[in-house]
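> Spelled out, the chains give:
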Amino acid sequence: MAHLVAVDPQIHKEYYVYPERTESAGAELHLIPVVPAEVAHVACQMPVLLTKNELTGQFVLAAMTGFEPKQNLFWQDGRWQGLYVPLQLQRQPFFLGKNEGSGADYAVCLDIQNPAVGQGAVPEGAQALFSSTGAETEYYRHVKQLLASILQGEAQVQQLTELLLSMALIQPVSLDITFADQSSTRLQGLYSIDQQKLATLDPAHLVLLHQQGLLAVVYTMLSSMSQIYGLIDRKNQQLARL
Amino acid sequence: MLDADKAADRTVQTVVIVGGGNAGWLTAGRIAAKHKAKAGGIKVVLVESPSVAPIGVGEGTWPTMRSTLIALGISETDFIRECDATFKQGAKFARWVTGAEEDFYYHPLVLPQGFSKADMAAYWLQAQSKPELAPQFSSFSNDLCYQEAICERSLAPKTIRHPEFGAVANYAYHLDSGKFGLFLQKHCTEQLGVEHILDDVTAIQSAANGDIAAVQTKNSGLIAGDLFVDCTGFSSLLLGKHYQVPFKACDDILFIDTALAVQVPYPNEDAPIASHTISTAQDAGWIWDIGLQHRRGVGYVYSSKHCSEEEARATLARYVGPAISDLKVRKIPIVSGHRTEFWKNNCVAVGLSAGFLEPLEASALVLVEMSAQMISEQLPANRQVMDIVAKRFNQTFLYRWDKIIDFLKLHYILSKRSDTAFWRDNRKPETIPQSLQELMQLWSHRAPCDLDFTSNNEVFPAASYQYVLFGMGFKPNLSAQQYLLDNWDFATQQFQQNRKMIEQAVSTLPTHRELISKIRHYGFSRI
Chain W
889 MAHLVAVDPQ IHKEYYVYPE RTESAGAELH LIPVVPAEVA HVACQMPVLL
939 TKNELTGQFV LAAMTGFEPK QNLFWQDGRW QGLYVPLQLQ RQPFFLGKNE
989 GSGADYAVCL DIQNPAVGQG AVPEGAQALF SSTGAETEYY RHVKQLLASI
1039 LQGEAQVQQL TELLLSMALI QPVSLDITFA DQSSTRLQGL YSIDQQKLAT
1089 LDPAHLVLLH QQGLLAVVYT MLSSMSQIYG LIDRKNQQLA RL
Chain L
51 MLDADKAADR TVQTVVIVGG GNAGWLTAGR IAAKHKAKAG GIKVVLVESP
101 SVAPIGVGEG TWPTMRSTLI ALGISETDFI RECDATFKQG AKFARWVTGA
151 EEDFYYHPLV LPQGFSKADM AAYWLQAQSK PELAPQFSSF SNDLCYQEAI
201 CERSLAPKTI RHPEFGAVAN YAYHLDSGKF GLFLQKHCTE QLGVEHILDD
251 VTAIQSAANG DIAAVQTKNS GLIAGDLFVD CTGFSSLLLG KHYQVPFKAC
301 DDILFIDTAL AVQVPYPNED APIASHTIST AQDAGWIWDI GLQHRRGVGY
351 VYSSKHCSEE EARATLARYV GPAISDLKVR KIPIVSGHRT EFWKNNCVAV
401 GLSAGFLEPL EASALVLVEM SAQMISEQLP ANRQVMDIVA KRFNQTFLYR
451 WDKIIDFLKL HYILSKRSDT AFWRDNRKPE TIPQSLQELM QLWSHRAPCD
501 LDFTSNNEVF PAASYQYVLF GMGFKPNLSA QQYLLDNWDF ATQQFQQNRK
551 MIEQAVSTLP THRELISKIR HYGFSRI
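Same order as they appear, the protein sequences are chains W and L.
Heads up: the first sequence runs through residues 889 to 1130, numbered per the numbering used here.
Heads up: the second sequence runs through residues 51 to 577, numbered per the numbering used here.
Worth flagging that the hints you see were computed from the coordinates, not collected in a lab.
Keep in mind that this is a model prediction, so the values were computed, not measured.
The beta carbon of each residue, even a glycine, is placed where N, CA and C say it ideally should be.
Among the hints, erroneous ones may be present.
[Stated by the list, open to error] Cβ-to-Cβ under 8 Å is the rule here; a few derived chain L residues that face chain W:
| id | residue |
| --- | --- |
| 1 | 210 |
| 2 | 211 |
| 3 | 568 |
| 4 | 570 |
| 5 | 572 |
| 6 | 574 |
| 7 | 575 |
| 8 | 577 |
[Claimed, not checked] Straight-line alpha carbon distances no greater than 20 Å define the calculated SDA-like cross-link-like pairs of lysine to any residue that follow:
| id | chain 1 | residue 1 | chain 2 | residue 2 |
| --- | --- | --- | --- | --- |
| 9 | L | 568 | W | 1077 |
| 10 | W | 986 | L | 572 |
| 11 | L | 441 | W | 1077 |
| 12 | L | 568 | W | 958 |
| 13 | L | 568 | W | 942 |
| 14 | L | 568 | W | 1049 |
| 15 | W | 958 | L | 558 |
| 16 | L | 568 | W | 946 |
Start from the sequences, fold in the hints, and give me the full structure.
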């Protein structure tokens, strides 16, 4: 069970994190939320699609790493096999929490039950959050930067999906896939860009997307669809190893 | 002669709807949306009395309301938020068969499993008498439809991830009728280009051929039009009062003539919301119970010939419980029946002005939707062809009213209750329409099938008749029709499939209350 606490320089002075071990948070994710700024990196290996948040029904941008829940084809032999690690995995085991009290809107939280977290003398390969003088370490500042990028990115995702919806550019992905062992699956709950509508989009809308810095994202999402084949290949290789 | 020809050639350019309320606005909206009133197509004017409050009954819809909302270009999220609307997945009929506490059956909105491929009712009936075939059987609606299980758990028919109007299980709505009227008014006037005049109609000006040329209003002068839609409620100002089209009562078949309605608040804001209409049989009628977001709508509809108002109030109080002492009970007279014609000259009646039946199967709003759809889709090009459209409209809707009357009566004749005169009188042969008696004879040897209902204008599909017949314990004698039972493998698969669907549905669907609060908070996506 995760146990989130707001990071406090006094209380968490002696805490450290193994950055290499944090990617395991994604071991069982078949869809990993991503933000527009990292879409180009993610799209090198994975399809970038839209899916709906389970709890809110709102569209989110996600990298597809498997064909069914709990299946991450980029997680093998106990480690992340992708070239790029999405921000949502990099920032583990830190989270942004809404600040209930006054002052700043958000507080940095740490999952102190996470196996990558420890307390005491900093072992090799681990990174302390605070120096002996109580100042934030470079590592911790980097984490805070990551969290800020995600926060900013989530606002951009919302802007992106609102624009796409208003331009009717989103369409459900419907794809039946048969793997090497003849088992098959039907992709459900995934959405992508309607290529035909994009091709005939009126200039004013194109300019709007461009000005918001989202046109490249839209085209990258579209071209990343071909990464489905890479994903099928990974699945078939996995089947061959069994 | 020349003038008459001119009148005949005159194209239909202006439709005047007299009366607001749901009937008026739904008709105005359908016509305005289809005929592009806003872009300068047909002109749609709705004149509504500022002093007459809409009657505001009819809180239950059919799944057709989804297509109606789509046709009007309405967002489902907006509709649910603004009309206090909830989901309706059919009706639960309690105490209709024996009157016992545990006596109930469902008329869900999802077709029976395997319905389109085989007569599953025959297999189900056979299995009842041969327990070795199917040890786990419970009831027709539960063995062949997964929706009853959803309703019994107060679950929603969809999740927040479904798009607007999409679903796991077919659904309709419960809505606050008053809010719905205002919501439609806003949409029709702001989005669809319907012209809204708040004024009293004081007189009707006739043309030489007997048509209505214009209606005279108190403050806005004459309002002329080519087609007039009478949505004036029970007063039926145009069709009834002006044209004197006779009213055909059907109180000899359906005895309900009074409603006592009350709005019951929930005990707390997290209280479960029923996902179906609950209709509970009483001594002289039945009580409807409809769960909206912020309150329930409850009412006792009864036959005043079989029960005094005092008794009826006591029955309603027993059902609602102590909370009723603080609530206002409204008495509404019900005149069951319909006009013998609905479209006369250039005037067509929609809604209560056309007729009314007890709300047992939520027929009021669906008849409004069907009328509005037919008027908008078959809107006569000119006065000359209007008589033909009128004739077809009348044939279609007389058929529909008859079918609804038959279907409502079916609920009463299958009851085994004999505890009160109301239930005994309902089964007297002279109160049962000939058409229904014939169907019952057919069905004494087999289940209802689609071939029994071949008109394009059917209201209830064969599946609905099956749910009511077999829900109420009707048993045809299949001995002469053994060919109906030639594929048990298929049938067994269907029963298994249904159990699987139940499992899947109850493990994935949110509670009705939870979905409603998510819709209020986040809303559905369009896709």
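> Looking back at the hints listed earlier, which ones does the structure fail to meet?
Hint check: 4, 11 and 12 fail, others pass.
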